[in-house]
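Asks: Sequence:
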Amino acid sequence: MKRSEEITMQYFNFLEKHIQDVMAGTVPEFMELNEIAGHLAVSHKHLTDTVKKEAGQHPCYFYDGKIIDKAKEMIAHSETSIAEIARMFTYDPSNFSKFFKKMTGITPGQFRKNSRHNHKKSL
1 MKRSEEITMQ YFNFLEKHIQ DVMAGTVPEF MELNEIAGHL AVSHKHLTDT
51 VKKEAGQHPC YFYDGKIIDK AKEMIAHSET SIAEIARMFT YDPSNFSKFF
101 KKMTGITPGQ FRKNSRHNHK KSL
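At position 27 of the sequence shown (counting the first as 1) the number is 27 in the UniProt record's numbering, and the numbers step up by one without a gap.
To be clear, the hints were calculated from the coordinates, so they are not data collected in a lab.
Hints are supplied without guarantee of correctness; some may be wrong.
[What the hints assert, rightly or not] Straight-line C-alpha distance at most 20 Å; calculated EDC-like pairs for lysine to aspartate or glutamate:
#1 Lys52 <-> Asp21
#2 Lys52 <-> Glu6
#3 Lys66 <-> Glu54
#4 Lys66 <-> Glu32
#5 Lys17 <-> Glu79
#6 Lys66 <-> Asp21
Can you make the complete structure from the sequences, with help from the hints?
Replies: Rendered as structure tokens:
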């Protein structure tokens, strides 16, 4: 495996664990990209350049995408309030809604309503 592939794989593995740790409350907040790079023993620029080259997008694209995927899962499959989900992801609820809408095109409430509606149709 090439070193660039190894760094990219380490980045994705780190993201997965880090997001789980934030959600579980064992880590107080999401790290900045430069902090993640430090944990992977590479520079911020090297991490950015490597992930872009190997995966085709900036590392933040994948970071935000993984957060949204986890949030969607919780919104669709739990009774936890959206405000509480936002806090689990260390967001102020209004900022979380803005972030979610920017990433998905709909609000978390609309997403929950749509996922419940689609679930009922499939039963």
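Asks: State for each hint whether it applies.
Replies: Do the hints match the structure? See the list:
no. : hint            : in the structure
1   : Lys52 <-> Asp21 : violated, 25 Å
2   : Lys52 <-> Glu6  : holds, 14 Å
3   : Lys66 <-> Glu54 : holds, 17 Å
4   : Lys66 <-> Glu32 : holds, 15 Å
5   : Lys17 <-> Glu79 : violated, 24 Å
6   : Lys66 <-> Asp21 : holds, 13 Å
Figure legend: structure checked against the earlier numbered hints; hints not met, in rising order: 1, 5.
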